Amino acid sequence: MMEQFGLLRFIPLIPLAGAALNILFGARLRPQFAGFLACGAVALSFLVSLAVFWLLPASGVFRDVLFIWIDSEPFKAQLSFQADALTAVMLLVITGIGLLIHVYSLGYMGDDEGMTRYFAYLNLFVFFMSLLVLADNLLLLFVGWEGVGLCSYLLIGFWYEDHTNTIAGNKAFIVNRIGDFGFLLGVLLLFWEMGRQGVWTLNFSELERAAHLLRPESVTLITLLFFAGATGKSAQIPLYVWLPDAMQGPTPVSALIHAATMVTAGVYMTARLHFLFSLAPATLAVIATIGALTAFFAATIAVAQNDIKRVLAYSTVSQLGYMFLAAGVGAFSAAIFHLFTHAFFKACLFLGSGSVIHALGGEQDMRKMGGLRRYLPTTYWTYLVAALVISGAPLTAGFFSKDQILWQAYASPNGSTQLWLLAWLTAGLTAFYMFRQLFMVFHGACRVAEPAKARLHESPAAMTVPLVLLALGSIFAGWLGTPDFMWGSVWDPWLQSVLGVQEAVDDAAPGGELFLMALTLGIAALGFLLAFLLYGRESRVAERIAATTIYRWLAHKYYVDEIYDCVFVRPFTACARWLAQIFDPGFIDGFVNGVASTIRAGSLSWRRIQSGDVQHYLFAFLAGTLLIFAYLLGR
Amino acid sequence: MSDLSLLVFLPALGALGLLVIPRSRNSALLQAALSVALLTFLQSLWILYRFDPNLGEMQLVERLAWIPAYGIDYFVGIDGLSLFLVLLTTFLGPITILASWTIRERIKEYLFFMLLLETGMLGALVALDLFLFYVYWEVMLVPMYFLIGVWGGPRRIYAAVKFVIYTMAGSLLMLVGIIFLATRNFQVTQRLTFDLLRIAHLHLPYDEQMWLFLAFALSFAIKVPLFPLHTWLPDAHVEAPTAGSVILAAILLKMGTYGFLRFAIPLFPEAALVAAPFIAALALTGIIYGAMVAMMQEDLKKLVAYSSVSHLGFVMLGLFTFNLQGIQGALYQMLNHGLSTGALFLIVGMIYERRHARMIDDFGGLWKQLPVFSSFFLVVTLSSIGLPGLNGFVGEFLILLGAFEVSPLWAAVAASGVVLGAIYMLWMFRRVVFGPLARPENQRLQDLNSREIFMLAPIVGLIFFMGIYPQPFLSRMKSSVRLVIQRVESQKLAVPLIRGEASDEEKAARGN
Amino acid sequence: MAPLNYYLVLSAIIFAIGVAGVVIRRNFIVILLSIELMLNAVNLTFIAFARYLGSMEGQVIVFFVMTVAAAEAVVGLAIIISIFRHRRSLDPREMQLLKW
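Protein sequences, first through last, are from chains A, B and C.
In this text, residue positions in the first sequence follow the numbering used here: the first is 34, and each later residue adds one.
In this text, residue positions in the second sequence follow the numbering used here: the first is -14, and each later residue adds one.
In this text, residue positions in the third sequence follow the numbering used here: the first is 24, and each later residue adds one.
To be clear, the hints were calculated from the coordinates, so they are not data collected in a lab.
Since the model is a prediction, treat every value here as computed from it, not as a measurement.
Do not rely on the hints blindly, as some may be mistaken.
Unchecked claim - Using 27 Å as the maximum straight-line C-alpha spacing, the simulated DSSO-like pairs for lysine-lysine come out as follows: (1) A:K204 / B:K353; (2) A:K486 / A:K401; (3) B:K463 / A:K109.
In isolation and in its complexed conformation, chain A is listed as follows:
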């Protein structure tokens, strides 16, 4: 059921207008005004999204066609939007949490000289991100996909005077491009494979209708290529390396782009194309494996980080792994549910860390914090709530969404015990690193150096209000999707219109889900306890751990960056350097100039004939005449 809904276009266009106004006229406005303009734009966008959410009939789709974008027969891509349940959820996350983060930024960036630029980029991000989820075809989705990458690049390098920031921005963009390479090829392959079946389209609904026509092996290849794109954008193995570095950007940016929304684009895309992925069990197995491995792998790294934001960054990578695990076992609805809840608690954590960093005047090293509970009470309480939620404390959002994933990983036809085991271990690690962080930052003795300590203060209301709202959201957002033995899920039926009815999980053991839940709770509690024992009290154990080899490995992130540098970056640049400095000037241009100089050398020797002596010429003339005579006579 398609319905024209002309308001859709305004969801992306209002923030775009905000960004344009700020870019063009921002220099002449007061910076504070730029902030309000940006917040207002996102607020309007949020209202429209709410309207869409409210008005959207069950299993209905809103459409808004603007114009034909590219038409080159048989290829045709329209600039048109569609909103279904999945899009509506994503829109609420993007504009809702986006709005909170905009407001928070008013406080956080209040005294930055680049505030206009900051809000312009932020608005631009909301534009691209809503474009991404509203797109009704793959190519338009790709516009948003690359566009959010651009905004991420610009915002990571926002404080451009520091090289580390801009290098991190470049890394993010380039690693994403490597993933997009796969994505783009996937689009091309899909287009021509579909065309071979007589369906020339990249439109989602048309693709869904025709997906069954595709040959199985090409579906596998197509979905693998798409997933390659997703590993870039959503920071999965092997392309996750950019996300921790992306923490160089302002903290609200980390919250919005690198936790709540942009990095989940890969998950969204997988869910959006679920009809393709479901046809490719091999790809699903790959996704599930990579998701589970990433979840576990990133969680182990998070355990040993000392930078407050890096812990959260690896935690994000790990949680994204959960989402892909869910998608990989075919539980797309669970993946999106976790995406939804994760947006709340991770944004809350990031904004909380931002509040801490703000209070400390830019300090990010957790070893130089401690005991901040007394100085930043609101931040502390919201942080505590979010940490509990992410660790899966009962009856919070994280509890429900994570439980669903674990249950699906174990019980769904595509799941397996190994996948569950990895996810289960990750749950324990999550609780451990979160509470390690909480204890290091907020508990114990205050290790803040003196001048900063005197200026410790709770953040302004613009920052704390979003924190509180997000903390509340973290708790209650999960109640939309409780297990069947409670009041059941309103979430799954809502998304079923888009994602289809999930294959019923074997209900032979109704106690199974409860049992697994208990196991998860158990390991999370264990993680919490361990964190408390090691970091919650004054003890020397933490230091001794920090000296071990394995800890050093973890702290250096398994040296993955260094390995990539040696295996890919260095040989490649060496090759490029050889081409640029030796091959091109030496061989290719050398050949050209060689031809020229050979001709020159030849002329130089031949011109000796022109001796200038008349008698030589005469002699040559004579000899020539004689030769001609001889030829004529001898013929």
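Put chains B and C on the given structure of chain A with help from the hints.
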């Protein structure tokens, strides 16, 4: 005089007009040249207005006997292949003149050559008589030779001579090819003519096609420049004055790709089909190679020059896919490259005028001092790396789409060029614009003045427009591209013709 | 009367002497003289043929040749004198300005 002829000769007339203005009156000279260029642009808009988008054939044609004894006509016309290249030329005309505002020495001769160059380029784009085309083709060389050789950098003579000799070496072979074609046509039809449209009916045997194709292709490939014939380009770009670089990159290079599309492919379709894999291989090599070499350049102009090699590789790849997406994408990419690389050279020129330095390491942290400049720079950089929503993406995507149909491998290699493009452009951008503003000489730089904003703003506007709404462009190209494709497609099926025998069409034509 | 061949052989010998003189001798005046020698060898051939064929054309041509030779001698000597004034030499090996 028809509209097209007026368009072609307006700049030349303007150049003659400049001669009567006294040499001492710099600003009068500049203003006169600017108004001539603007008039030409307006005239081209009028042509755009009169252009029928649904027609694939030549429009607005004009034919006058020129050297009747040899069947040489003054024969011009325009179709979907040349329309936007003509517009690009006239669009950049006023901008390049504005870019020359700071030239102080021999301004009169300089402007004279600039306008003459514009006539040469426009003429080559609309010429439909092979001989006329060749004349314009060579006419373009002369002003460019002087622009580089007189107003260029320290190694200008070397660069200018290299440019001219390299191009000339190729085009002489083409001249031989043209004469051969005309005589062959005479043998078959008993009618001596250099008319492209008539000669296009000639069905040549395969081996002759191959040789002629090679002669034409060499000439065009040097101009493109196709790897490995590209080394004149960095030298010429580095030495040329800003406006020269802009024209060189934006339009002269397109003459090569346009030549392929207008002459080499339709005249020798069979040979083009056979050569396609080889040319595509060279194009793909060029994409990767240009990008990798660009990555390691320290000189901004050289970097942009090598990026052109990479981008033009895309265009060549698109042309030799022989499908609608590929060729439309290639045509579109020609315009994109003209805009984005032209703008990049303008930007490098602006910074060079301020700092008299071009090395990447001389800069850093410019955003702080030059925010407007840097914003323009950012948009142009993003356009160059094909960010979706900007013009570059539409072209690149269509080319990839077309290439994928022919060979997924081509598309994969070309797509990796997109990744590399992001790497070298962003490295460069980061080193020039980001970072601390460390050097004291950079701390006094002035941001763009209104003249410079007037130069860049239209380009950036088009960059956005062409990225968001490419349909007006694509739809006008479609019919003409279709005709080219039909020609090639028909050859895929045709049986080899017997040498020298006229086709039915020609027999019919001879009857008239 | 001596047969035609005798005249032709004689004139060929004289012509060869002239050629050798032009190519070998190192003095412009001698070279000029050698050229005269060649011209006169040709004249001899003309006369011989005219006589042998009983036709007047050959003799007419000889008059032309003599006129031209006279003019040539005049111009040539004038040039030689002017060269000598400039260079104080008549050696052709020293007059090599027009080389490569």
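Now for the hints, and whether the structure bears them out:
1. A:K204 / B:K353: 22 Å, holds
2. A:K486 / A:K401: Since the Cα atoms of A:K486 and A:K401 sit roughly 11 Å apart, the hinted pair holds (cutoff 27 Å).
3. B:K463 / A:K109: 13 Å, holds
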